[in-house]
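Chemist: Now for the letters of each chain:
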Amino acid sequence: MATISLTFFGKRLKNPVMNASGTLGYSNEIESLWGVETLGAYVTKGLSLRPHHGNPTPRVWDERSGMINSIGLQNVGIERFFDEHFPFFQKKRTPVIVNFFGFTEEEYLDCARRIKPDRLIVALEMNLSCPNIKAGGISFGKDPQTVYEIVKKVKGITPIPVLAKLTPEVKNIVDIARAAYEAGIDGLTLINTMPAAIVDIKRKRVPIKGGFSGPALKPIALRAVYECSKAVPVPIIGVGGIMDADDAVSFLMAGASAVQVGSATFVDPYAIPKIIEGIGRYADKNGCRNLHEIIGITHE
Amino acid sequence: MDDIEARVVDNRNIVSNYFLLRLKLAKPMGIVRPGQFVMLKVPDKNIFLRRPFSIFDYGRDIVTIMYRVVGKGTEALCKAGKNEKTLVLGPLGNGFTITKRDVCVVITGGIGVAGVHLLIKTLKHDASIFYGCSSKEELAVIKDIMERNPAIATLDGSRGFQGDVVTLFRNQMKTFKGKNIEIFTCGPEGMVKNIRKQIEKWKTPCQVLVEERMACGFGLCFGCVVKTIDEKEPYKRACKEGPVFDLWQLSL
Numbered sequence: 001m002a003t004i005s006l007t008f009f010g011k012r013l014k015n016p017v018m019n020a021s022g023t024l025g026y027s028n029e030i031e032s033l034w035g036v037e038t039l040g041a042y043v044t045k046g047l048s049l050r051p052h053h054g055n056p057t058p059r060v061w062d063e064r065s066g067m068i069n070s071i072g073l074q075n076v077g078i079e080r081f082f083d084e085h086f087p088f089f090q091k092k093r094t095p096v097i098v099n100f101f102g103f104t105e106e107e108y109l110d111c112a113r114r115i116k117p118d119r120l121i122v123a124l125e126m127n128l129s130c131p132n133i134k135a136g137g138i139s140f141g142k143d144p145q146t147v148y149e150i151v152k153k154v155k156g157i158t159p160i161p162v163l164a165k166l167t168p169e170v171k172n173i174v175d176i177a178r179a180a181y182e183a184g185i186d187g188l189t190l191i192n193t194m195p196a197a198i199v200d201i202k203r204k205r206v207p208i209k210g211g212f213s214g215p216a217l218k219p220i221a222l223r224a225v226y227e228c229s230k231a232v233p234v235p236i237i238g239v240g241g242i243m244d245a246d247d248a249v250s251f252l253m254a255g256a257s258a259v260q261v262g263s264a265t266f267v268d269p270y271a272i273p274k275i276i277e278g279i280g281r282y283a284d285k286n287g288c289r290n291l292h293e294i295i296g297i298t299h300e
Numbered sequence: 001m002d003d004i005e006a007r008v009v010d011n012r013n014i015v016s017n018y019f020l021l022r023l024k025l026a027k028p029m030g031i032v033r034p035g036q037f038v039m040l041k042v043p044d045k046n047i048f049l050r051r052p053f054s055i056f057d058y059g060r061d062i063v064t065i066m067y068r069v070v071g072k073g074t075e076a077l078c079k080a081g082k083n084e085k086t087l088v089l090g091p092l093g094n095g096f097t098i099t100k101r102d103v104c105v106v107i108t109g110g111i112g113v114a115g116v117h118l119l120i121k122t123l124k125h126d127a128s129i130f131y132g133c134s135s136k137e138e139l140a141v142i143k144d145i146m147e148r149n150p151a152i153a154t155l156d157g158s159r160g161f162q163g164d165v166v167t168l169f170r171n172q173m174k175t176f177k178g179k180n181i182e183i184f185t186c187g188p189e190g191m192v193k194n195i196r197k198q199i200e201k202w203k204t205p206c207q208v209l210v211e212e213r214m215a216c217g218f219g220l221c222f223g224c225v226v227k228t229i230d231e232k233e234p235y236k237r238a239c240k241e242g243p244v245f246d247l248w249q250l251s252l
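Sequence lines, in order, name chains A and B. For the first sequence, counting from 1, position 198 maps to 198 in the numbering used here; every step adds exactly one. For the second sequence, counting from 1, position 78 maps to 78 in the numbering used here; every step adds exactly one.
Hints may contain errors.
Here are the simulated lysine-lysine pairs, BS3-like style, with alpha carbons at most 30 Å apart [to be verified]:
#	chain 1	residue 1	chain 2	residue 2
1	B	LYS45	A	LYS209
2	A	LYS209	B	LYS227
3	B	LYS232	A	LYS209
4	B	LYS27	A	LYS202
5	B	LYS100	B	LYS82
6	A	LYS274	B	LYS27
7	A	LYS274	B	LYS45
8	B	LYS143	B	LYS193
9	B	LYS236	B	LYS203
10	B	LYS193	A	LYS202
Calculated from the structure, these hints are not laboratory results.
The shape of chain B in the complex, shown without the other chains:
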């Protein structure tokens, strides 16, 4: 982990409020594992704290971040132009643990793909991917994983299954029967809760990448906690003990 100077290569609007930001680092970042994140200095003097972003992609000193404009930090970030200077602290946190399974199932939706994109790339063709979004226009977000034939759910039914991604997964669950599977997910809490409901009976192994507001990004402040079932110390730091947690340890 280190704090590295970087410059904006490009900061492109993909569709609606989704952006893809590529940053050229002054020096390489160290080994990046899928699920890890960076704390990014937003190049705007009105933004005090850094912002955490999953590493969407990394290679040859270029770190790529996918984000959705949701608040004042990302509103400022989407205005950052080419060559603008910034700082990237990373790689941070514990990423996904990949163990040998018959099938790795990745379930995600919306901007959640930012957290599992590098995992999907790493898993190559052993993964079964489920992606949910509001309409077919938003599929531009997963353009580079379309060749992996993800199962798609759109809320308006404009492409693939009409409905939410967890229902789509439930409909296809029987295809995994008897197989040693593991689920990897990142997305809104409602989605994670629904996944949990579907696999409760089998306690299927499932790793969840959580999102939290952060201040430091590496365990200093205890600002970004998530509640677990550990009675002695329920609140764990998303940045330090996470951001990937075992679903069955979370208190949802």
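For reference, chain A alone in the conformation it holds in the complex:
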């Protein structure tokens, strides 16, 4: 039997599959179907220093090969998350990756500062797709210099390993990955949703602008993982359009050490446990003893 467990930033994860941030509630929402302890790690909803109300509806829209969301980062804030939801993961002994964001550099820093190390916290995941209010609303993640500076500062104030979640809407994602690496980032999450819009031809309107996710994103995300994992020597979590175990395996082969599953859960709420099982089956069938035998194999 192959083992699909892995060590990630010194913590043991039972498998390489996580939920993508914001696609599995705050904590126990999935519990009537399967338990969060099934996951390699649980990734929190994007958290900020202060609570955010989020956007008016419509917030979600169906598209042929995926979906658009415009939730607007609704969240209860870092403090309430740790008071009300974190104990659930402690009870379930489930490793947690804390996704966080800010609209100014100070907000990122204040937020990161509030998250105390815990044996269950594997890493912080910085959402760098947020608009930087002081830079006219352009997102932090678009400019290598801005990424370098904010990563450097966040790394300077927290002892917890830090992942940077990058937006694909950039000139060259490898340049962004390199800037984050030079600033001392511990790992990368590739990629965030792609900016997109819908046109309602009956009403002649754009009912929603937001982030596109789903199967159409997969080859774009694979390219980012493939190129960045060759360019920077830090672990990468692959995310974007993973619908089944074969998709997950392709990300591992492209160079990801772990994967995140998002919209697939809305199509099939059992997608994550099925993918975990499928990765194990793939490994067994192909005689790999552990995931290291396939991670980045396409680079050879």
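Please arrange chain B on chain A, whose structure you already have, making use of the hints.
Modeler: Chain B only, in chain A's frame:
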């Protein structure tokens, strides 16, 4: 709640763009309360997300859904034929809370009846029903509740009161004077706002079943929120905290 395989028993056009879909589940769904819903896999590969539908009726592994064709999801759904395979995730959400009242007043219109049909069945004869639609042809939609003598409003006046259902309700409000009543409603936002205007003075208890676009159906994504008067956290999930809300908590 569970995700259950199902097959189409029949998918019948009732009138204009109203359809009644009956699905045979591979196993029973668990206790269904009026006002709850399911997330249905539309059997068409071009439809990515599931679609939320109120449980119109449920019994003996057969779940019935009434829907109106309004977009690409329902356009695809109305083409689903007998025996076609699908998936039903449910029952989901918090349904109506039924407390002892002198009179339960159900006000609905158009496809809104899909959300309150099971409630009407459960309330038996303690309910006073108001239904509004565009013309008498559309009354085919409420054929099985006609025996309950609903008060009917049609916009063209072809049956019952000519006008909208809330005006009809207002005209009959005096019959509820001095009685301990509760209103249950599901329908377009304009209708709900009008109901609110009529009962503002008395703050009559009123439960509203809301409709929203959804992605997950059980609290994962925060896609289907409705705005409430809670200042700390105004947006509540229709799928998880709802879909039934106290009218006086909603920010309309």
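Chemist: Would you mind marking each hint as holding or not holding in the structure?
Modeler: Hints versus structure:
1. B:LYS45 / A:LYS209: holds, 24 Å
2. A:LYS209 / B:LYS227: Distance of about 20 Å is within 30 Å: holds.
3. B:LYS232 / A:LYS209: holds, 26 Å
4. B:LYS27 / A:LYS202: violated, 40 Å
5. B:LYS100 / B:LYS82: Distance ~41 Å between LYS100 of chain B and LYS82 of chain B Cα, so the pair is violated.
6. A:LYS274 / B:LYS27: Cα-Cα ~21 Å, so holds.
7. A:LYS274 / B:LYS45: Cα-Cα ~20 Å, so holds.
8. B:LYS143 / B:LYS193: Status holds; Cα separation ~27 Å.
9. B:LYS236 / B:LYS203: holds, 22 Å
10. B:LYS193 / A:LYS202: Holds, at about 26 Å.
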